[in-house]
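Asker: Each chain is listed here by its residues.
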Amino acid sequence: MSIITEKTITKEVLGSSSFPSNEVMLDLKKLKKVYPTPKGDYVVLEDLDLQIRKEEFVTIIGHSGCGKTTMLSMIAGLNPISGGNIAVLGKNISGPGPDRGVIFQAPSLMPWMTSLENVMLGVNQVFPHGTKSQRTDIAKYYLQKVGLEDSFHKKAAELSQGMQQRVGIARAFAIKPKVLLLDEPFGMLDSLTRGELQDILIEIWNKEKITAVMITHDVDEAIFLADRVVMMTSGPRAKIGDILDINFERPRTRKSVLEHDDYYAYRKHLIDFLEH
Amino acid sequence: MKASITLGKVSKFMGLGIFETLKNLFTGKLEKDEMQSFLRKTVVPLASILLFLGLWHLGAKSLYNTEAEFKIEKALQDQGQAAADALKTCIASGDSSCQPNTLPSPSQVWESFQSLLRDHNIISADKLAFKEKTAALNEKRIAAGKDPIVYTGRPSFVDQIYRSLQTVFAGFFLALVIAVPLGIFIGLSPTLKSSFNWFIQIFKPVSPVVWYLLVFMIVKTVLIGSTDDSSFTISFISVGLCSMWATLVNTAMGVSSVDKDYINVAKVLKLGTFQKIFKVVLPSSLPLIFTGLKITLSVAWMVLIAIELLAQSPGLGLFVWEEFQNGANDSNAKIIVAMFIIGIIGFLLDRLMLTIQNWVSFDKQDAI
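Those protein sequence lines, which keep their order, are chains A and B.
First residue of the first sequence: 1208, per our numbering; consecutive thereafter.
First residue of the second sequence: 224, per our numbering; consecutive thereafter.
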């Protein structure tokens, strides 16, 4: 595919957005996922098109079981693609790789490793040529960023769920991926911890500006974090139902977002879609 | 003070917290709620041990009487009243030549235990004297390029325990070296798993005796022409082959059932095969591997007795067999002593494995 057509598509789909960068980071085209069952094929996703720009934060909401997680794990390369393709910076993906960092719903830390070792596991893979102390510094930097400067040498199993997910965030950012994929990372946390972690995530994201795709069930979370909220239709044959641009200034604070005039309009839009 | 704290921690870690409670009882530091746990953990087990000893004593006494009456009755029928009376006085006098041969009482077993220890002391002294006597001569022999003279006397009971432990650990080590790597390969590859499954299912239930015979057939031929005693080799290999299945199955299961999340993390980070195995798969299956090793060690100890007996390899198994064949007056009591020693060592080996498991495993709750 030539660059010209790609830009044309970008313009068509994105319209006249005020977003700073128009470079497409992640491009899903005619994406299809089929699970064969004894009663015939079950089509989870079909004709799903989505383009995500560089340095954009996109949240995805939709009903349970509509195929959000399937889509995200396909982007991560953990789930084979049945049709269509996924490209990162114009290059089709084949399998998983550290250019797409994932923060899973369960923290998925190795419980026998310390938090530092968990982050180092990824850093060692991505920066194999750095010295050991350079790599340790990177890991420590990100652990500090998520507020774990006192827990470098604690075993992951000894940390609370919230703390574990902080390590998960540090691990994902530390490998400096091109795209960050978040699969309901705060779904298992209580609401206070969830708020804390949203703040941490957005703070570190404001610095790094890594293109992010995040699945969530929480409408407020979707608005607070995102530049665009993507709404998926219910499955089977789920696709993109609607996209809502969130035009709040960055960096945002929770207070400023909640007090913004458009906030309730956005919220109503999303809830109307979900209840439809 | 510090040493006693760590000792308490260690004993608790090993599941022997009872020592801590006992120490507190004697130093008068026992709290009120600890009193209840002391009752439950110390007094009740002690009472049950006493009850056991009491029942054993009564049972042994009744068996003794039955056997004695039968003997006297038989003497009366075969040889007449005079012989029966003579036997009766002989039994009552406690003379060892005419005692009924039956289940020994606890006190007899205790006496035998002490006599075995005395025997050990005598043999040790003997060995030491032998060593001193031959030291100068051996030096000369070694200088002349000849083999030194070694002690070839009868092994003591303690020597046999030591030898049994050597055999069991050699067998256990063999099982570890074969079963863990093989289990990892089988667990990692579904193809290997299905091709090895029948093999495991068929060989797992094979009896120790048959393993011994198989190993005997092979080792006998392999070591043909060698004058060395092959009984130790045969018995430890049999013990290893017999006991490795639990570790093999558990390792394969542990490796094939690693949490999918961990595997996904490894995939996303694009870990290499070796890193994946050593950083993710192995640590995560360590609890199951250790459960397998624990079973392996206890099975190894259990089958050891039978295999030593067959292989005529010195050790507790041979000790039991020789005492049974011996039929001396205190042979039965010595067999019971060996039984308790086997049981206690088995228990300690289990605790040892539990301690190592707790030490290396990340998942403290899973260790039972």
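I should point out that these hints are in silico values taken from the structure, not numbers from a laboratory.
Warning: the hint list may mix true and false statements.
[Claimed, not checked] Computed beta-carbon distance windows for the label pairs: (1) A/1348 / B/425: 36 to 44 Å; (2) A/1478 / B/427: 42 to 50 Å; (3) A/1337 / B/525: 50 to 58 Å; (4) B/418 / A/1478: 50 to 58 Å; (5) B/273 / A/1399: 55 to 63 Å.
Everything numeric in this text was worked out from a predicted model, so none of it was measured.
For every residue, glycine included, the Cβ atom is placed at its ideal position computed from N, Cα and C.
Asker: Quick one: are residue 418 of chain B and residue 1478 of chain A within 50 to 58 Å, going by C-beta?
Answerer: 56 Å, holds
Asker: Hint says 36 to 44 Å; check whether the CB-CB distance for residue 1348 of chain A and residue 425 of chain B agrees.
Answerer: 56 Å, violated
Asker: Within 55 to 63 Å: is that where the Cβ-Cβ distance between residue 273 of chain B and residue 1399 of chain A falls?
Answerer: Roughly 57 Å apart at Cβ, these two residues keep to the hinted range, so it holds.
Asker: Looking only at beta-carbon atoms, does the pair residue 1337 of chain A, residue 525 of chain B fall within the given range of 50 to 58 Å?
Answerer: 53 Å, holds
Asker: Can the suggested window of 42 to 50 Å be confirmed for the beta-carbon pair residue 1478 of chain A and residue 427 of chain B?
Answerer: 59 Å, violated
Going down the numbered hints, you'll see the structure goes against 1 and 2, while the others check out.
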